[in-house]
Structure formats: structure tokens, C-alpha cells
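Enquirer: Each chain, letter by letter, is given below.
There are 2 protein chains.
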Amino acid sequence: METFADSLDTPSVVVDLDLVRANIRRFQAYADANGFKVRPHIKTHKLPLIADMQIAAGAIGITCQKVSEAEAMVAGSSAITDVLITYNIVGAEKLARLAALARKVRLSVVADSADVVDGLSRTFAGEASPLRVLVECDTGANRCGVASPEDAAALARRIAVAPGLAFGGLMTYPPAGGEAAVQDFMSKAKALIEAEGLTVPVITSGGTPTMMHAAEAPVVTEYRPGTYVYNDRSLVMRGACGWDDCALTVLATVVSVPAANRAIIDAGSKALTSDLLGLTGYGHVLGRDDLAIDQLSEEHGRLVSTGPIGLKVGDRLRIVPNHACVVTNMVDEVYLIEAGQPAPRKVPVAARGRIR
Amino acid sequence: METFADSLDTPSVVVDLDLVRANIRRFQAYADANGFKVRPHIKTHKLPLIADMQIAAGAIGITCQKVSEAEAMVAGSSAITDVLITYNIVGAEKLARLAALARKVRLSVVADSADVVDGLSRTFAGEASPLRVLVECDTGANRCGVASPEDAAALARRIAVAPGLAFGGLMTYPPAGGEAAVQDFMSKAKALIEAEGLTVPVITSGGTPTMMHAAEAPVVTEYRPGTYVYNDRSLVMRGACGWDDCALTVLATVVSVPAANRAIIDAGSKALTSDLLGLTGYGHVLGRDDLAIDQLSEEHGRLVSTGPIGLKVGDRLRIVPNHACVVTNMVDEVYLIEAGQPAPRKVPVAARGRIR
Chain A
1 METFADSLDT PSVVVDLDLV RANIRRFQAY ADANGFKVRP HIKTHKLPLI
51 ADMQIAAGAI GITCQKVSEA EAMVAGSSAI TDVLITYNIV GAEKLARLAA
101 LARKVRLSVV ADSADVVDGL SRTFAGEASP LRVLVECDTG ANRCGVASPE
151 DAAALARRIA VAPGLAFGGL MTYPPAGGEA AVQDFMSKAK ALIEAEGLTV
201 PVITSGGTPT MMHAAEAPVV TEYRPGTYVY NDRSLVMRGA CGWDDCALTV
251 LATVVSVPAA NRAIIDAGSK ALTSDLLGLT GYGHVLGRDD LAIDQLSEEH
301 GRLVSTGPIG LKVGDRLRIV PNHACVVTNM VDEVYLIEAG QPAPRKVPVA
351 ARGRIR
Chain B
1 METFADSLDT PSVVVDLDLV RANIRRFQAY ADANGFKVRP HIKTHKLPLI
51 ADMQIAAGAI GITCQKVSEA EAMVAGSSAI TDVLITYNIV GAEKLARLAA
101 LARKVRLSVV ADSADVVDGL SRTFAGEASP LRVLVECDTG ANRCGVASPE
151 DAAALARRIA VAPGLAFGGL MTYPPAGGEA AVQDFMSKAK ALIEAEGLTV
201 PVITSGGTPT MMHAAEAPVV TEYRPGTYVY NDRSLVMRGA CGWDDCALTV
251 LATVVSVPAA NRAIIDAGSK ALTSDLLGLT GYGHVLGRDD LAIDQLSEEH
301 GRLVSTGPIG LKVGDRLRIV PNHACVVTNM VDEVYLIEAG QPAPRKVPVA
351 ARGRIR
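Top to bottom, those sequences are chains A and B.
Take the first sequence: its letter number 215 is residue 215 in the UniProt record's numbering, and every next letter is one higher.
Take the second sequence: its letter number 85 is residue 85 in the UniProt record's numbering, and every next letter is one higher.
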């Protein structure tokens with residue numbers, strides 16, 4: 001897959017569709033074998049065409065984080081008919097757009113407080129179909145979510161009786177390796193909710209790092225991996241995949257070799273981002289395990305080596321970023337490559353920058 | 001300036017033009033008093049209309065980092081007639097675009113190696129007017145740049161005799177507080193170059209953190225501040241300005257208060273970015289010195305407090321980000337406010353995402 005390198009200006013974000021397909025297939029097969037559904041989070045690729053590939057492989061729909069992301073994805077693909085927005089939707093403008101979106105696709109959202117539930121209910125009370133609302137549960141990530149199974153049951157009850165809403169189940173974004181905590185929390189919440197005569201249609205969890213352990217929380221009916229479709233340095237360093245599984249790379253050019261053990265590339269934080277995810281350094285140069293990207297400015301990436309760096313101005317490098325999802329968000333377009341295609345195909349990143 | 005808050009969906013990036021004007025005036029007055037020119041770096045705002053304000057206040061032109069940034073700025077403003085691109089331009093596609101741009105404005109670039117000079121010369125040998133090329137000097141930042149005054153003189157000589165090029169002077173991006181190093185390096189390089197019969201038309205330095213000490217390197221004829229136009233948390237923490245001087249803020253909404261000392265806002269790394277610049281935490285909540293933004297996901301910002309957090313779902317907060325320049329790059333538009341204007345004015349960020 002080196003034939004593309006000469007034709008692209010740099011820095012460019014390149015996505016290997018053959019690796020994407022293999023990554024999608026691997027997790028879908030695991031989910032099928034273990035009897036749960038897959039609802040990929042599109043934050044990683046933000047591309048309707050890759051959502052289509054995920055759905056064609058067996059995904060039941062997609063996950064988005066913001067209303068504007070969902071709008072862009074739905075506008076870009078007729079295959080996307082079922083969307084879960086895993087976010088508390090707050091504010092008149094977003095609620096109005098949510099209602100409009102709910103008329104187009106099977107839509108679900110989450111809530112972790114009465115305030116959020118009540119805002120959704122006020123908006124959807126006048127709609128023809130109820131909005132599915134799942135209770136977000138904090139199973140240890142300490143971000144959003146109700147703190148206990150009892151709180152989850154209380155909020156489920158509130159949703160179930162709220163005009164315009166339907167109780168849609170339970171959702172969590174767990175800490176990596178939190179399968180036991182998810183199983184414990186969700187089992188208890190499910191039992192409490194069912195004891196009140198409600199059904200729990202969906203229990204959905206997520207996260208790529210330990211997704212191949214998802215079956216260790218068998219109460220979960222649906223899983224929302226995101227990064228798995230591309231993989232990245234953080235996942236390689238956690239042992240979740242290898243460099244050969246990384247579908248997204250940043251193509252960069254060496255623009256300066258100002259010292260024997262230092263080189264500068266034209267990809268800085270505006271391409272690779274400052275996300276560290278607990279790592280040291282800002283990415284991995286494929287084929288050059290001896291190099292570290294030890295510093296980024298907005299347009300400069302600094303490579304250092306312990307011995308002579310062996311690079312010259314004009315050399316091109318492929319870099320696996322620390323975090324693939326955030327790189328996708330930096331660029332207006334990515335370049336798709338696949339076996340049998342003579343040239344990279346440029347596609348716009350449809351849901352890039354959709355922060356609302 | 002609180003009237004805008006109700007009309008904007010969140011997260012939104014808001015720029016106070018009155019503060020921008022004051023920030024521009026303050027540094028221009030310092031430069032005028034000390035006899036050097038100002039050539040602001042547009043990476044901070046990426047907006048032709050603010051470049052116009054800088055030029056109207058006395059700036060001699062603008063600085064850009066990439067050819068595509070310069071193209072966007074020149075296309076957006078007839079006042080921009082003099083552009084310095086402080087980057088080694090490498091590769092056929094960029095060189096062709098550089099030549100086209102040089103036909104429209106007075107253009108200068110930098111180089112720190114013979115490879116870069118030779119590439120520029122091959123492209124510009126056939127052009128009607130020579131391209132000004134400055135030698136980039138490493139005065140301690142350890143990024144790009146020739147390592148010694150002797151190397152600077154040798155490269156100046158090469159530029160001076162290269163077909164299609166004209167020697168334009170010396171450029172550095174120093175480490176913060178590097179005025180003494182700049183004075184030393186540049187004085188020596190200037191003397192060496194002048195001893196060979198060449199003139200050094202420009203000696204340009206940059207960086208906002210210690211810009212009010214720029215006069216301590218009197219050999220410098222031109223300064224390139226960027227962040228000064230907005231300021232940010234990193235500059236407040238370094239003592240370069242106060243919160244009241246910060247013209248760019250991110251307006252965010254509280255979407256969850258899941259624990260007594262924790263709240264979640266709808267601005268994550270896709271708005272505030274992961275840039276730390278040596279700080280702890282990801283921004284400053286105006287009016288709430290007791291809060292820390294201790295963790296970002298892409299769409300969630302986590303606020304923590306030592307005591308009860310005193311926030312509820314729907315509350316709106318204004319956040320000064322760690323690094324203003326990178327926030328500008330995350331959004332397709334910013335909202336301008338100023339005294340006497342009844343509503344925020346939305347403007348596209350013309351040079352956003354221009355990484356090539």
C-alpha cells in the first residue's frame with residue numbers, strides 16, 4: 001500500500017478500507033458469536049460510507065454524540081435508519097432539531113437527570129411518536145450517569161410516565177476493563193426496573209479497548225465500539241491490536257533535519273492533535289520504532305532519535321496517531337485507499353466539527 | 001457583555017472585538033515606541049477581518065505558517081498585501097501554489113537548509129520577480145532553524161546567488177524569554193553576512209509570552225506575535241495578561257451534575273482541545289476560580305470542585321481555553337461581539353483547517 005504516497009500532498013489523513021473491513025468483521029463476528037448487537041459510534045470515522053459498511057456487516061444502527069453529528073450522518077446515508085445519541089440533550093435549539101430528526105429515523109437518546117427527562121418530555125409531548133430515552137448509568141468512568149441502580153430505576157420510572165417519551169433501556173460508557181462493574185450495576189438496575197412492571201429493551205455498553213471482553217458482561221444486549229474501525233497507537237500500546245490493524249495513518253513530509261538526531265515534519269497538532277491518552281509522545285512512525293515524536297507545535301512535529309536520525313528533507317513518513325477519532329475531526333477530507341484501486345479517493349468528512 | 005449568552009447555541013466560540021482592539025493597540029504602541037515593526041501571526045484568529053484591524057493599527061503585513069493559510073487570508077482581504085510564511089516549503093504542489101501566490105502579494109518565506117533553498121530556486125527561477133527568502137535560525141527553541149550564525153551566513157550566501165531568490169533577512173521563533181539569545185545570535189549572523197557585502201533587510205522574531213520584552217533584543221526589526229490578539233489561560237498563568245484581556249471564550253452549557261462536586265459541560269476536546277501548554281486542567285471558568293476542568297472527552301468537559309459545585313443542568317459558563325489558537329481551528333465559525341452591537345455576528349473562520 002505504498003503506491004498512494006507519491007500522489008498526495010501532505011499532511012494528509014489516509015484510511016485503508018481493506019483494514020477497515022477486517023476490523024468491522026472481526027468485532028461483528030465476536031458479537032454474533034456471543035449474542036449481542038453492535039451499534040458503532042461514528043465519532044471515529046464521521047463518514048456515512050463507513051457507517052454503511054458497518055450496517056452491511058450487521059450493525060443495527062449507529063451511535064452519535066451530538067444532534068448535529070446525527071443530522072450529518074442521516075443526511076449522508078439512506079442505510080442509517082436507527083440512531084442512538086448518547087448525550088443529554090439540553091436547550092431549546094437542540095431539542096427542536098432532535099424532534100425534526102426523530103421524524104426521519106428511529107431515534108433514541110439518553111438522560112441522567114430529571115431535568116433532562118423533563119426537557120425532552122416538553123418537546124416530544126406534541127409529537128406523533130414517543131422518543132426512546134435510555135438511562136445513562138455511571139459504572140465507574142465518573143463522567144455522566146446516575147450513580148446507583150436505585151437512581152437508574154427511579155429515572156426509568158419518570159421516563160416511562162413522561163408524556164412523549166418511552167423508556168428505552170440502560171446505557172453506560174464504562175471505564176476500560178469495567179465489565180464486572182457493568183454486569184453488577186446493570187443486573188441490579190434491570191431487576192429493580194422489572195420489579196416495577198417495566199421492561200428493559202436495551203442494555204448498551206461501549207468502548208474499544210476491552211471490547212473483546214464484552215461478553216464478560218452478559219447482561220449487555222448491545223455494544224458501541226468506535227475506535228475499533230480504525231485503531232490507533234493507544235490501542236496498540238494497550239495490546240488491543242497491532243500496527244498492521246491500524247487503518248488510519250497521517251502521511252507527512254520531513255521539512256527540516258536541523259540536527260543529527262532531530263527532524264521536523266509538516267504534521268503538528270493541527271493534524272495529530274495533542275491527545276496523549278496516557279502515552280508519551282504524539283504518534284508512531286511506521287517502520288521506525290527508533291523514532292519518537294516528542295513535541296508538537298500547531299504545524300510542526302518534532303522527531304528525535306537516540307542515534308543518527310537517517311532522514312532527509314522531502315522524505316515521507318506514515319504516522320499512526322495516538323487517537324484516531326480526534327484526527328478525523330481535524331480534516332475536511334480523508335483519502336481512502338484499497339486494494340485494486342489505482343489512486344486514493346478523496347471524501348469529505350461529513351460529520352467533522354459537529355460539536356452541537 | 002452578558003447579553004449574547006442567551007441567543008447562542010452551545011458550545012460556541014465567542015470573540016470580543018473591543019478586547020481584540022485593545023490587545024492590538026497595546027502591542028502596536030509598544031512596537032512604535034521601540035522602533036520595530038509588527039507582523040502578526042494569523043494562526044490565532046484565522047480571520048481576514050481581524051488581520052484588517054491589525055493592519056489598520058499599523059501592522060506591516062501578516063505571518064502565516066502554511067501556504068493554504070496564506071491563500072485563504074489573501075482571498076479574504078484586499079488589505080493583506082505583504083505575507084511572510086515562516087515555514088520550509090517543500091514539495092511540487094506547494095511550490096506551485098507558492099509561485100501563484102507570489103504573483104498576487106509581496107511574499108516572503110523562510111528556509112533552514114540548502115535542500116529547501118534549492119527547491120524554491122528551481123520553482124522561482126522562471127518567475128518575473130524573485131522570492132524573498134529569510135534564513136530561519138534556531139535561537140534555542142530546538143525546532144527548525146540553522147544552528148549557528150556561521151550556518152546562517154552560509155545559507156544567506158546560497159540564497160543570494162540562487163536564481164529566482166532574494167536574500168530577505170533572518171527569522172527566528174525563540175523560546176519564551178529568549179531575548180538575550182536572539183540578540184546574540186542575530187547580531188553575530190548579521191555581522192557575518194554584512195561582512196560579505198550582503199544587506200540584512202529584516203530580522204524577525206516572535207512569540208506572545210514575552211513580547212513586551214521584545215525591545216531587549218534591539219537587533220530585531222520586526223516582531224510576529226500571534227496569541228496576543230486573543231490571549232488565553234496560558235498567558236494569564238505566565239503573568240502576561242489578566243482574565244479581562246482574554247477576548248476569546250468558549251460558551252458552554254452544563255448538561256449533567258451527576259455528583260455534588262462534579263458537573264459535565266457540552267464542550268470537550270473538540271472545542272477546548274487537549275493542549276495543556278504545561279498547565280494542569282483544560283481551561284478557566286470565568287467567575288468560578290474554585291472550579292477545575294480536570295478531564296475532557298471529545299464532547300464532554302468535566303468540572304470538579306472541592307466543595308458543592310453549585311451548578312445545575314442548563315447553566316451557561318464562559319471558559320477561557322488554555323490555548324486560543326487551537327480553539328479557533330476547531331470551529332467553522334466564531335461569534336463576534338462588541339459594544340453597541342445588539343447581537344453576536346457569526347463569521348466563518350476562513351483559514352481553519354489549512355494544514356498544507
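It should be emphasised that the hints constitute simulated quantities derived from the structure, not laboratory data.
Just so it is clear, CB atoms sit at the ideal spot from N, CA and C, and this is done for glycine as well.
Be careful, since some hints might not be right.
[Unchecked claim] Which residues of chain A face chain B? A few of them, derived with a C-beta cut under 7 Å, are:
| no. | residue |
| --- | --- |
| 1 | S68 |
| 2 | E93 |
| 3 | K104 |
| 4 | R106 |
| 5 | D112 |
| 6 | S113 |
| 7 | S274 |
| 8 | H300 |
| 9 | G314 |
| 10 | D315 |
| 11 | N329 |
| 12 | R356 |
Enquirer: With 7 Å as the cut and Cβ atoms as the points, is S113/A at the interface with chain B?
Expert: With a minimum Cβ separation of about 6 Å from chain B (threshold 7 Å), the hint on S113/A holds.
Enquirer: With a cut-off of 7 Å on the beta carbons, see whether E93/A makes it to chain B.
Expert: Constraint on E93/A satisfied, holds at 5 Å.
Enquirer: Would the hint on G314/A stand, with a C-beta cut-off of 7 Å toward chain B?
Expert: holds (6 Å)
Enquirer: Let me know if the C-beta of H300/A comes in closer than 7 Å to any C-beta of chain B, holds or violated.
Expert: holds (6 Å)
Enquirer: Given a cut of 7 Å on the nearest C-beta pair, is the interface hint for K104/A held or broken against chain B?
Expert: Nearest chain B Cβ about 20 Å off; hint violated.
Enquirer: Would the hint on S274/A be counted as holding, given a Cβ-Cβ threshold of 7 Å to chain B?
Expert: At about 4 Å, which falls below the 7 Å cut-off, the nearest Cβ of chain B leaves the hint on S274/A intact, so it holds.
Enquirer: Hey, does the N329/A contact hint survive, CB to chain B under 7 Å?
Expert: Check passed: Cβ of N329/A comes within 6 Å of chain B, closer than 7 Å.
Enquirer: So, R356/A near chain B? Judge it on the closest CB pair being under 7 Å.
Expert: This hint holds: R356/A lies near chain B, its Cβ roughly 5 Å from the closest one there, short of 7 Å.
Enquirer: Holds or violated: D315/A as interface residue toward chain B, Cβ cutoff 7 Å?
Expert: violated (10 Å)
Enquirer: Mind checking the CB of D112/A against every CB in chain B and telling me if the closest is under 7 Å?
Expert: At about 5 Å, which falls below the 7 Å cut-off, the nearest Cβ of chain B leaves the hint on D112/A intact, so it holds.
Enquirer: With a cut-off of 7 Å, does the beta carbon of R106/A approach a beta carbon of chain B closely enough for the hint to hold?
Expert: violated (22 Å)
Enquirer: So, S68/A near chain B? Judge it on the closest CB pair being under 7 Å.
Expert: violated (9 Å)
Comparing the model with each numbered hint stated earlier shows that hints 1, 3, 4 and 10 do not hold.
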